[in-house]
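Peer 1: In the order they appear, the protein sequences are chains A and B. The first sequence begins at 1 in full-length UniProt numbering and counts up by one. The second sequence begins at 1 in full-length UniProt numbering and counts up by one.
Careful, some of the hints might be misleading.
To be verified - Here are some of the chain A residues that sit facing chain B, going by a computed Cβ distance under 7 Å: (1) F77; (2) P78; (3) S92; (4) N126; (5) L157; (6) R161; (7) I255; (8) N295; (9) A296.
Unchecked claim - Pairwise CB distance ranges (calculated): (10) R184/A - S111/B: 31 to 41 Å; (11) P24/B - A23/A: 19 to 29 Å; (12) V29/B - P391/A: 25 to 35 Å; (13) P24/B - N411/A: 41 to 51 Å; (14) L115/B - A23/A: 16 to 26 Å; (15) S111/B - G316/A: 42 to 52 Å; (16) P24/B - D449/A: 54 to 64 Å; (17) W22/B - Y874/A: 53 to 63 Å; (18) L115/B - L66/A: 28 to 38 Å; (19) Q11/B - N408/A: 17 to 27 Å.
Hints were generated in silico from the structure; no laboratory data involved. Heads up, the beta-carbon is just placed ideally off N, CA and C, and yes, glycines get one too.
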Amino acid sequence: MSLKLRDLIRKVRACKTAAEERAVIAKESAMIRTAIREEQSHFRHRNVAKLLFMHMLGYPTHFGQLECMKLIASPHFPEKRIGYLGMMLLLSEEADVLMLSTNALKNDLTSSNRFVSGLALCAIGNLATADMSRDLAPEVDKHLKSSQPYLRKKACLAMARCLTKCPEMVEDFVDRVVTLLKDRSHGVLISVIQLMTQVLIVEQKSVLENPDYEDDYGTPCQDAFVKLVPSLVKLMRNVTGGGYAANDAGGATDIFLQVHILALLRLLGAGNEQASEEMNDVLAQVATNTETSKNAGNAILYECVQTIMAVEADDGLRVLAVNILGRFLLNRDNNIRYVALNTLSKCVVDEKNRRAEDDLVATGDDDESANNAASALQKHRTTIVDCLKDPDVTIRQRALELIYHLVNSENVESLTAELLNYLVLCPRDHRGDICTRVLRVVEKYSPNDRWRVDTLITMLTIAGRETSRQVQSASIIYISRASEDLRAYATHKLIKAIRDDDGSQRGLLVVGVWCIGEYGDLLLSPYSNNEESFSAIDTNSILETLEEVIGRHTCTEDIKRVALTAFTKLSERFANSGDTATLGKLQELVKKNSKSQTLELQLRSCEYDALINAMKGIKVASAPASDDIFGATAGGDETLSEAVIAAAKEALARMPVVDLRVMNRQKSSAYADDDMIGGLDTKPAAPAQKKNDDLLDLEDIFGGGAPAAPQPAASSNDALTNGSAPAPAPASDMDLLSDIFSAPAATPAAPATGMSMNGGASYDPFGSMPSSQPQQPPSNPLDAFAPTPTPAPLPTTTAPAPAVDDIFGAPAPAPAPKQNPVVQGPSHEGLSIEFECTKPEALSRAKSTLIAKFKNSNSAAIHGLSLQVAVPKYVTLEMKPPSSTTVAPSGGNSSAQVTQSITVTNTKLGQKNLMLKVKLGFTLNGAKVEHMATVSGFPAGEY
Amino acid sequence: MISFILMVNKQGQTRCSKYYQWLPMEERVALESEIIRKCLSRSELQCSFIEYRGYKTIYRRYASLFFIVGTKPDVDVTQVEGAAAENRENELGLLEFIHNLVETMDKWAGSICELDIMYQLEEVHFILDEMVMNGYIVETCKGATLRPVDLLERESRKGEAMFK
Numbered sequence: 001m002s003l004k005l006r007d008l009i010r011k012v013r014a015c016k017t018a019a020e021e022r023a024v025i026a027k028e029s030a031m032i033r034t035a036i037r038e039e040q041s042h043f044r045h046r047n048v049a050k051l052l053f054m055h056m057l058g059y060p061t062h063f064g065q066l067e068c069m070k071l072i073a074s075p076h077f078p079e080k081r082i083g084y085l086g087m088m089l090l091l092s093e094e095a096d097v098l099m100l101s102t103n104a105l106k107n108d109l110t111s112s113n114r115f116v117s118g119l120a121l122c123a124i125g126n127l128a129t130a131d132m133s134r135d136l137a138p139e140v141d142k143h144l145k146s147s148q149p150y151l152r153k154k155a156c157l158a159m160a161r162c163l164t165k166c167p168e169m170v171e172d173f174v175d176r177v178v179t180l181l182k183d184r185s186h187g188v189l190i191s192v193i194q195l196m197t198q199v200l201i202v203e204q205k206s207v208l209e210n211p212d213y214e215d216d217y218g219t220p221c222q223d224a225f226v227k228l229v230p231s232l233v234k235l236m237r238n239v240t241g242g243g244y245a246a247n248d249a250g251g252a253t254d255i256f257l258q259v260h261i262l263a264l265l266r267l268l269g270a271g272n273e274q275a276s277e278e279m280n281d282v283l284a285q286v287a288t289n290t291e292t293s294k295n296a297g298n299a300i301l302y303e304c305v306q307t308i309m310a311v312e313a314d315d316g317l318r319v320l321a322v323n324i325l326g327r328f329l330l331n332r333d334n335n336i337r338y339v340a341l342n343t344l345s346k347c348v349v350d351e352k353n354r355r356a357e358d359d360l361v362a363t364g365d366d367d368e369s370a371n372n373a374a375s376a377l378q379k380h381r382t383t384i385v386d387c388l389k390d391p392d393v394t395i396r397q398r399a400l401e402l403i404y405h406l407v408n409s410e411n412v413e414s415l416t417a418e419l420l421n422y423l424v425l426c427p428r429d430h431r432g433d434i435c436t437r438v439l440r441v442v443e444k445y446s447p448n449d450r451w452r453v454d455t456l457i458t459m460l461t462i463a464g465r466e467t468s469r470q471v472q473s474a475s476i477i478y479i480s481r482a483s484e485d486l487r488a489y490a491t492h493k494l495i496k497a498i499r500d501d502d503g504s505q506r507g508l509l510v511v512g513v514w515c516i517g518e519y520g521d522l523l524l525s526p527y528s529n530n531e532e533s534f535s536a537i538d539t540n541s542i543l544e545t546l547e548e549v550i551g552r553h554t555c556t557e558d559i560k561r562v563a564l565t566a567f568t569k570l571s572e573r574f575a576n577s578g579d580t581a582t583l584g585k586l587q588e589l590v591k592k593n594s595k596s597q598t599l600e601l602q603l604r605s606c607e608y609d610a611l612i613n614a615m616k617g618i619k620v621a622s623a624p625a626s627d628d629i630f631g632a633t634a635g636g637d638e639t640l641s642e643a644v645i646a647a648a649k650e651a652l653a654r655m656p657v658v659d660l661r662v663m664n665r666q667k668s669s670a671y672a673d674d675d676m677i678g679g680l681d682t683k684p685a686a687p688a689q690k691k692n693d694d695l696l697d698l699e700d701i702f703g704g705g706a707p708a709a710p711q712p713a714a715s716s717n718d719a720l721t722n723g724s725a726p727a728p729a730p731a732s733d734m735d736l737l738s739d740i741f742s743a744p745a746a747t748p749a750a751p752a753t754g755m756s757m758n759g760g761a762s763y764d765p766f767g768s769m770p771s772s773q774p775q776q777p778p779s780n781p782l783d784a785f786a787p788t789p790t791p792a793p794l795p796t797t798t799a800p801a802p803a804v805d806d807i808f809g810a811p812a813p814a815p816a817p818k819q820n821p822v823v824q825g826p827s828h829e830g831l832s833i834e835f836e837c838t839k840p841e842a843l844s845r846a847k848s849t850l851i852a853k854f855k856n857s858n859s860a861a862i863h864g865l866s867l868q869v870a871v872p873k874y875v876t877l878e879m880k881p882p883s884s885t886t887v888a889p890s891g892g893n894s895s896a897q898v899t900q901s902i903t904v905t906n907t908k909l910g911q912k913n914l915m916l917k918v919k920l921g922f923t924l925n926g927a928k929v930e931h932m933a934t935v936s937g938f939p940a941g942e943y
Numbered sequence: 001m002i003s004f005i006l007m008v009n010k011q012g013q014t015r016c017s018k019y020y021q022w023l024p025m026e027e028r029v030a031l032e033s034e035i036i037r038k039c040l041s042r043s044e045l046q047c048s049f050i051e052y053r054g055y056k057t058i059y060r061r062y063a064s065l066f067f068i069v070g071t072k073p074d075v076d077v078t079q080v081e082g083a084a085a086e087n088r089e090n091e092l093g094l095l096e097f098i099h100n101l102v103e104t105m106d107k108w109a110g111s112i113c114e115l116d117i118m119y120q121l122e123e124v125h126f127i128l129d130e131m132v133m134n135g136y137i138v139e140t141c142k143g144a145t146l147r148p149v150d151l152l153e154r155e156s157r158k159g160e161a162m163f164k
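Isolated chain A, as found in the complex (with noise of 0.2 Å):
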């Protein structure tokens, strides 16, 4: 025979470990499953008690689903009590089991002893699904006439539950309600409300769920509840004037009955100018006369304020909500402050959003009619700051929360300062978040911007090694839009945090180094202002603190990444210096990682070598042509390697500001075009993309920068090179930093792109074969770059001739232009262009690629090449950068080619015809020449 229930527990509690307490409970279900079998109808309802217990502890019970039924059908009142009790424990609403206790249910509501009713009104409240709803809201419905308070008030919530799972029947119940509400039982009051308010929302969800209803004239129970709002207020006038009085529980008239209430009236009124009205003069009255000495009164004035807040309450009632929560903050009870500051930065949201809603529909006056509630909100500001010391770390949380909320263009100054002190004091796996909010607060209301470069640097300081990457960049293009001494004070500020930190902060390094490097020119003439000075520092020191930072064992390699891209830039910064034992110094840096390990610090060593050397060009005069990647070209072509000095110089330059903008849309369309890089060097394949769309994909995916990824692997080692030689694009999309380094590839002026590009495309293997490789027919693009291959740097790069034919050869022959309409375009003082025609997408005709080539018959060179494009409204235009600034005189000589790709979608394909208005700039001789001209004769219908 099994244990009685008391000796189970007493068993259980006797067990030491949980081993024990799972041996007990496994015989004792063992057992009962036995009485189960056996129909142990005796036992039956002891036993279901302890399954009860053993669900509680967290064990199966399952088996004792079937047991509750039989229970409840029982004619033993014990029986059936225990019976219902196992049912609303031990099922849930999708058991199937549920099914067979309709019946059981039916029977005992109609049943003339009030507690077998009360029972199954209890447990169709706790668990009807949809169908028993139907089937027993009748039964139900009947108890709500019930002359005893007692069923009234379980039949009211049993209702609620049919009534939220069959909304359908919501309309037949409304009337009964009525009555319900002049009921002198408390339960049945705040039963009925609960229902009420249960009705209302599953009516909102419903109208939610189709669009289509007419919400215009509200819905039906709405309507009819909110008829019922003057006897609301009437209910509650009494409620607080005592007439419940027996039901004290906490000091004040019975809390749960008014909480209720003013609930109801929350929703009633939102929206509602009239019902607000109405209540309006309740709220104040509660608002004013609640006792606060005792919590349950500020339960009831919280849920008053929460009200006030929701409904269309005048603005005195709003104002002194507010400062209702404003006394909330004062309090010693940490659970009231909590309350009144999650309260608060509700209301400030929707002030917000009221405000921004009255914007759209009315004029300044209501604006500031909106703005008092908030006003009265900056009173409390003081006090919101000082919850930000409280020990207690969810208020501080709150404070925070709210804080955000509070912010505007004229306390942000203050707020901020109180921000950063937190930042000192919080958690560290808080500090991520705060950063960010931060840099958003200090983004949008920044009074100015040495404030903001100001704000920035300190944050980094206090919290550099949990900022997201996000902060930094950012941090590191305010200080690049900001003027030149900013720029200078921001790096001297830098510098001096990084030699006071101990390494730790890795986003305050990024960001310090990053700008040493493109600013440590500015860092050897002392800055002063009027609060601070800073000495000069020499070129010396600047490289020791670089190296002390790139020398710990902390760093990292992101750190590493910057600091060889700050090396490089130094170079070009402190060239014309004439420190040479710097410079070699710089250079040596550099190189130091042209072994390492790490694919892209290896990378970047070597190209950045390169950078330097071509930079050296023009003072190392004879430069020995078999080392200098750029010396190919330099031996063979003069006029070339000129433009490859320039270009290094123009790299290494400081970049230009970065947009914002361009930032995030090129970061929205990463994977459409992996970066900048990548879409630049695509371009010059432009011409072969018809022929080749199948390999054009594949240097799409690796980020355009490997033509050779398609070659078969030759070996593994040679398959690992190629692999690694693309490397660069897709990581420094990433990389945010490297995609401002790569920035100046964006804009227009930068012949360096083509150039960086070319020094990465030589690492590709064929870029190491030019003896193999066959000269490319002149009318490939890639010709560009084709020319100028050069010994790479990387180790092992015998690629097989064969797969060089693959590559190269398939898209080289191909006569792409002659296929394509070439539209002849203006000619002036000896630049002449072409636009090639060609549709990059097979499926969408509007959109169509030209490339412009220029040709310049001068016999001098033509520089700062520049090509302004205007077309009609019914085409979108998209320019890319040409591949240089500089047209080289042709005589033929096709390799001098410059090219741009401009891309232009013609919405009105077939009714009108591409258009385009050109304006051409360039410097020829030294002389700046500018030409107007309109391009028409595209091919009609086509373009």
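Mind docking chain B on chain A? Use the hints.
Peer 2: Okay, now just chain B, sitting in the frame of chain A:
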């Protein structure tokens, strides 16, 4: 609405649990242990509200026993719009409700203690059923709650007391 009411002792053992929204067994066990761990780690001075897994939990400690009420937003309207549901439940009110519950149980058992709850689990459930139904408060008046419980008890005793 109230999603669950828990009574847990200081050792983290659940003494009574009532869920108004069905949760699978494993989730219940995980939820209970997580919540009690959070409650235990908080000091007297900290506020009695914890937001956890979308629940707003309100707890109150009486001697060695924690009374924990978990709430979720009502049939949440905002879910349809895909926004985070807003919980308009009155935290202070629920705090008062817990106190009310404890007072009611005190009145029922003289001075309530952990063992009373353990050994008379079904009685505690009956009391809870009188006070809360489907996650909504039905009755808060101590007398009105206990009278039916007593009557029912008497009714049950009439027949037999075999499972005691």
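Peer 1: Which numbered hints turn out to be false for this structure?
Peer 2: Violated hint (a single one): 19; every other hint is consistent with the structure.
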